[in-house]
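Asks: Given the coordinates of chain A, assemble chain B with the ligands onto it according to the supplied hints.
Spelled out, the chains give:
Protein chains: 2
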Amino acid sequence: MQGMMMHRPLAIIDILKFAAESYPTGEIVSRRVEGDVHRYTYPEAYARAGQLAHALAALGVAEGDRVATLAWNGYRHFELYYAVSGMGAVCHTINPRLPAEQLAYIMHHAEDRLLFVDATFVPLVEAMAAELPAGLRVVVMTDRAHMPESALDLLCYEELLEGRPETYDWPELDENTAAGLCYTSGTTGNPKGALYSHRSTVLHAFSVAVALGEALREGRRVLPVVPLFHVNAWGLPYAAPLTGASLVFPGPALDGGSLFELMEAEGVYSAWGVPTVWQGLQGEIRARGRNPAGFGHVVVGGSAAPRAMIESFETSGVTVCHAWGMTEMSPVGTQGHLPAGHEDAPFERRMDVKQKQGRRLFGVELKIVDENGRPQPHDGTARGELHVRGNSIISGYYADPAATEAAMDAEGWFGTGDIATIDDKGFLTIQDRAKDLIKSGGEWISSIDLENVVTSHPDVAACAVIAVPHPKWDERPLLIVVPEEGKRPPKEALDALLLEHFARWQLPDAVEYLDALPLTATGKVSKLTLRDRFRDYALPDAG
Amino acid sequence: MQGMMMHRPLAIIDILKFAAESYPTGEIVSRRVEGDVHRYTYPEAYARAGQLAHALAALGVAEGDRVATLAWNGYRHFELYYAVSGMGAVCHTINPRLPAEQLAYIMHHAEDRLLFVDATFVPLVEAMAAELPAGLRVVVMTDRAHMPESALDLLCYEELLEGRPETYDWPELDENTAAGLCYTSGTTGNPKGALYSHRSTVLHAFSVAVALGEALREGRRVLPVVPLFHVNAWGLPYAAPLTGASLVFPGPALDGGSLFELMEAEGVYSAWGVPTVWQGLQGEIRARGRNPAGFGHVVVGGSAAPRAMIESFETSGVTVCHAWGMTEMSPVGTQGHLPAGHEDAPFERRMDVKQKQGRRLFGVELKIVDENGRPQPHDGTARGELHVRGNSIISGYYADPAATEAAMDAEGWFGTGDIATIDDKGFLTIQDRAKDLIKSGGEWISSIDLENVVTSHPDVAACAVIAVPHPKWDERPLLIVVPEEGKRPPKEALDALLLEHFARWQLPDAVEYLDALPLTATGKVSKLTLRDRFRDYALPDAG
Ligand SMILES: Nc1ncnc2c1ncn2[C@@H]1O[C@H](COP(=O)(O)OP(=O)(O)OP(=O)(O)O)[C@@H](O)[C@H]1O
Ligand SMILES: Nc1ncnc2c1ncn2[C@@H]1O[C@H](COP(=O)(O)OP(=O)(O)OP(=O)(O)O)[C@@H](O)[C@H]1O
Ligand SMILES: [Mg+2]
Ligand SMILES: [Mg+2]
Numbered sequence: 000m001q002g003m004m005m006h007r008p009l010a011i012i013d014i015l016k017f018a019a020e021s022y023p024t025g026e027i028v029s030r031r032v033e034g035d036v037h038r039y040t041y042p043e044a045y046a047r048a049g050q051l052a053h054a055l056a057a058l059g060v061a062e063g064d065r066v067a068t069l070a071w072n073g074y075r076h077f078e079l080y081y082a083v084s085g086m087g088a089v090c091h092t093i094n095p096r097l098p099a100e101q102l103a104y105i106m107h108h109a110e111d112r113l114l115f116v117d118a119t120f121v122p123l124v125e126a127m128a129a130e131l132p133a134g135l136r137v138v139v140m141t142d143r144a145h146m147p148e149s150a151l152d153l154l155c156y157e158e159l160l161e162g163r164p165e166t167y168d169w170p171e172l173d174e175n176t177a178a179g180l181c182y183t184s185g186t187t188g189n190p191k192g193a194l195y196s197h198r199s200t201v202l203h204a205f206s207v208a209v210a211l212g213e214a215l216r217e218g219r220r221v222l223p224v225v226p227l228f229h230v231n232a233w234g235l236p237y238a239a240p241l242t243g244a245s246l247v248f249p250g251p252a253l254d255g256g257s258l259f260e261l262m263e264a265e266g267v268y269s270a271w272g273v274p275t276v277w278q279g280l281q282g283e284i285r286a287r288g289r290n291p292a293g294f295g296h297v298v299v300g301g302s303a304a305p306r307a308m309i310e311s312f313e314t315s316g317v318t319v320c321h322a323w324g325m326t327e328m329s330p331v332g333t334q335g336h337l338p339a340g341h342e343d344a345p346f347e348r349r350m351d352v353k354q355k356q357g358r359r360l361f362g363v364e365l366k367i368v369d370e371n372g373r374p375q376p377h378d379g380t381a382r383g384e385l386h387v388r389g390n391s392i393i394s395g396y397y398a399d400p401a402a403t404e405a406a407m408d409a410e411g412w413f414g415t416g417d418i419a420t421i422d423d424k425g426f427l428t429i430q431d432r433a434k435d436l437i438k439s440g441g442e443w444i445s446s447i448d449l450e451n452v453v454t455s456h457p458d459v460a461a462c463a464v465i466a467v468p469h470p471k472w473d474e475r476p477l478l479i480v481v482p483e484e485g486k487r488p489p490k491e492a493l494d495a496l497l498l499e500h501f502a503r504w505q506l507p508d509a510v511e512y513l514d515a516l517p518l519t520a521t522g523k524v525s526k527l528t529l530r531d532r533f534r535d536y537a538l539p540d541a542g
Numbered sequence: 000m001q002g003m004m005m006h007r008p009l010a011i012i013d014i015l016k017f018a019a020e021s022y023p024t025g026e027i028v029s030r031r032v033e034g035d036v037h038r039y040t041y042p043e044a045y046a047r048a049g050q051l052a053h054a055l056a057a058l059g060v061a062e063g064d065r066v067a068t069l070a071w072n073g074y075r076h077f078e079l080y081y082a083v084s085g086m087g088a089v090c091h092t093i094n095p096r097l098p099a100e101q102l103a104y105i106m107h108h109a110e111d112r113l114l115f116v117d118a119t120f121v122p123l124v125e126a127m128a129a130e131l132p133a134g135l136r137v138v139v140m141t142d143r144a145h146m147p148e149s150a151l152d153l154l155c156y157e158e159l160l161e162g163r164p165e166t167y168d169w170p171e172l173d174e175n176t177a178a179g180l181c182y183t184s185g186t187t188g189n190p191k192g193a194l195y196s197h198r199s200t201v202l203h204a205f206s207v208a209v210a211l212g213e214a215l216r217e218g219r220r221v222l223p224v225v226p227l228f229h230v231n232a233w234g235l236p237y238a239a240p241l242t243g244a245s246l247v248f249p250g251p252a253l254d255g256g257s258l259f260e261l262m263e264a265e266g267v268y269s270a271w272g273v274p275t276v277w278q279g280l281q282g283e284i285r286a287r288g289r290n291p292a293g294f295g296h297v298v299v300g301g302s303a304a305p306r307a308m309i310e311s312f313e314t315s316g317v318t319v320c321h322a323w324g325m326t327e328m329s330p331v332g333t334q335g336h337l338p339a340g341h342e343d344a345p346f347e348r349r350m351d352v353k354q355k356q357g358r359r360l361f362g363v364e365l366k367i368v369d370e371n372g373r374p375q376p377h378d379g380t381a382r383g384e385l386h387v388r389g390n391s392i393i394s395g396y397y398a399d400p401a402a403t404e405a406a407m408d409a410e411g412w413f414g415t416g417d418i419a420t421i422d423d424k425g426f427l428t429i430q431d432r433a434k435d436l437i438k439s440g441g442e443w444i445s446s447i448d449l450e451n452v453v454t455s456h457p458d459v460a461a462c463a464v465i466a467v468p469h470p471k472w473d474e475r476p477l478l479i480v481v482p483e484e485g486k487r488p489p490k491e492a493l494d495a496l497l498l499e500h501f502a503r504w505q506l507p508d509a510v511e512y513l514d515a516l517p518l519t520a521t522g523k524v525s526k527l528t529l530r531d532r533f534r535d536y537a538l539p540d541a542g
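For the record, the sequence lines run as chains A and B.
In terms of numbering that gives the first Met the number 0, the first sequence is numbered consecutively and its last residue is 542.
In terms of numbering that gives the first Met the number 0, the second sequence is numbered consecutively and its last residue is 542.
The following block holds chain A by itself, in its conformation from the complex (with noise of 0.2 Å):
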């Protein structure tokens, strides 16, 4: 028997039009590549973004059209997203820290039609413009006194937003209609899309809304550095009009001391961010013997939150919260807040439980399995590697049947890689990652990749690539070479062959040379051993 109710489909433009009419006085505040702060409301952007999709349609942008973006966080990003997706094409963000060639790979396979660029990026556009796929139009985000002067045909993304009407008839979409793509470059190989869905994004919002609600609430004020050109800024560009919170984008100073002035002159209570942005801020802090005024919630996500850094933050008053989440997963799978009556435990225990990452958001379903694909217990001792499954997780990857096949597990749930273990009160715990990845500053280094290259080179019989802890970057690559008879390559050569491929801070911090690689019972090399050995490896500048 099926229920009476209406069917309206899940849609994002919906959530900027409730902003609009609900929180007129909502703001968005930018701090723009051009130098200043912009500032607007919720019913500007969202006029804007009527404007923006009629240039979109004038620029003959269809239903399913890729639209990519190289920008930093700022309002223009955020019209994007919701103007893009609300006309039907996809939102196709693209991380400009990849080397070149990976970004040709993805506007190539993602087969964009416009790209628009934060005026910053244009060299970086320049550069590859061979590489460009035919017909791609580029639009420099930035208005007709800001344009740069370039060899290419730009367009400029002011003029082509004037005198376009402020309402757009949005079509009304089956909500499973792809919104967004993001390219993956965690694991090996090419990068990998997952393609967002109206429906899966709208629920997300949703998840997310309610698991931060400490920060995501009508007069809250919440600065994302996590990145709009990826993981969705961990869906705070849906979440925050939502829920009527404020947004305060903070474009390209990522600096501690550019992030304290923006918080503290917006009154930012919750920022949300990788580590190595907060040890940034961390430093500005101790430099100014104070927070930011108004700052009391953080949320840090990506990697591991050091134990020290949640201290640091929690004993100055700030409250963490320790999430985790994958690309795959819109991003955000669990959230580290304090349980219920915990408040007053001993401030040791406390640490122990934020360290933690924290219980599934509803909609993210958790099960751990060995390396049978046998479900193990939640009893906070047993390992296995971590599976999801909901409406936010992908059921493939975007044109990729090989990589969906190796990601998706028989009853369809996707294989995270990561190796956790999950306790009775729900809290997950990563372990250990099963895929073989540096991340270094929040960003992805492939160990398999490095490993590819160097063993070309003619005086290296074998290599392996680790990631060893760094207190800055949280992780960096170690290369592990196993020289040919007599031979010893110079790290000078290495790198050399290396920066062909790799952007330089994908390079090796050090190499060291091994006359045999430890192997697994199965021979394969066995990393783990290596990790354990060079755990304690003092890398050059890691002080």
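No lab work stands behind these hints: they were computed from the structure.
Virtual Cβ for every residue (Gly too), placed ideally from N, Cα, C.
No incorrect hints appear here.
Derived Cβ-Cβ restraints for the label pairs, each shown as a range:
(1) B:Phe346 - A:Gly266: 21 to 27 Å
(2) B:His37 - A:Glu62: 52 to 58 Å
(3) A:Ile447 - B:Thr318: 54 to 60 Å
(4) A:Ala133 - B:Asp369: 50 to 56 Å
(5) A:Gly266 - B:Asp535: 46 to 52 Å
(6) B:Ala405 - A:Asp173: 27 to 33 Å
(7) B:Asp378 - A:Asp173: 32 to 38 Å
(8) B:Thr318 - A:Glu161: 42 to 48 Å
(9) A:Arg348 - B:Ala433: 55 to 61 Å
(10) B:Leu527 - A:Glu62: 46 to 52 Å
Replies: What follows is chain B with the ligands alone, placed relative to chain A:
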């Protein structure tokens, strides 16, 4: 282009499973009809729901079957909400305050297979034994020791559960599967059923959780006075476990003294109910000279919250949220929290805002239309009949095409029968009611139904029943009679006639005699004129 995200059907049982896993210390506290206070946690509730589902299956309940309840707010009623819907059947909550005639109509119309009743209501069921649907089994929601003596063949709730497994293999249902059924007696004629689905219920819970985040979060304790037997207790049985808030159920003891004691003993932060109930509580608060300890938030809805009530709560430090909704809307439509930036406004100005019915929830669209269906501006001045649209709003009445036809407009919106304005800040103000009803203590009395019976008296030429303001019950019915020449039927005679069809509390408080009824231009009785004329009418026991 479709997204590539998992499709997991939204399911009510997942909310309780989530609470059991993530909020294992979250409590459900219930004052029982047995007299004592019962308490357990979400994991225990989930395990008992599993046992109950096994018991229901053993009784032959199949997917789509209707399982009725006649019960107060308590943990067993809560278990029925989840077990019945979780197994794919329909939880049909019945308002025990309806006259026996309507109770019987509803059970027959719904074709209920099972009826769960609190011991309190066994006499009611005995009295209407001959009218019950054939084959209906009756279960008393108590243990063996408290089973009442009865000529009926009664089953015992606790005996049904005993020894059953605590885990149940909940079927994976289409999210549009019917989950709940509630009849509204709001309009003339027979009661009409709203048939909720899993999707509508989960989305409504999300919207309530986000909009009422002030009351709904882990560690908070919330008391629904609003009944589980009607309007889903405003969604609290779903929104509370979704957020980790604890529930305190008052059972049958809804007088001011009992509520005060329970709220204080249990540290209730937020209490939800109709104005009449708060009059009782405010009387108790005045008598004791203080609020229950920990009381900080009240949701008032179902009828307009009187300004004096709002002011009295707010002055004593209790935040008032004036909400509006309907059975047909799952039921919450708007929330009346103060918008950001108004905290420092003068008291009178803040009360002006609080007296309005508030802003829409995400997922609820509002439009006001004139008599020709033309949308009116949201300028705070233009009035119109309020129409609503959204996933938690009915698309029609259960097995009642005529009522459905009358309720839905050409674009598929539901007509509420409320006359309203909406201002440019999104605030709704209910100005009047198009429908001819009296709302007494949160319960509807249909003036037209009363009129039909009175008109049948030989000494009555014509009559009209209108609502007259009442300090305790908000509104009470006043009967206006145009007698036949030379007659004047006394109130006692009319009451005797009415008691054949109505409960005593539904009878008019007084009778007035006129020579003729005022008519509108189209020849219908002008209720508006009558209401104006008797606006200050002194009802017998109105003090
Ligand atoms: N709180 C956390 N603690 C430990 N590890 C975390 C935490 N949050 C995220 N991670 C790690 O990050 C992984 C997810 O990274 P995600 O895909 O979201 O973004 P990214 O890795 O920064 O981007 P990309 O996929 O493009 O490289 C998780 O699988 C986990 O290994
Ligand atoms: N805050 C409010 N202010 C004014 N009127 C309200 C408010 N809340 C609800 N109402 C009135 O109550 C109506 C909805 O009543 P609803 O159907 O939810 O329950 P009920 O009337 O108590 O039950 P039933 O329909 O069985 O009689 C609204 O259409 C409106 O007329
Ligand atoms: Mg990833
Ligand atoms: Mg009604």
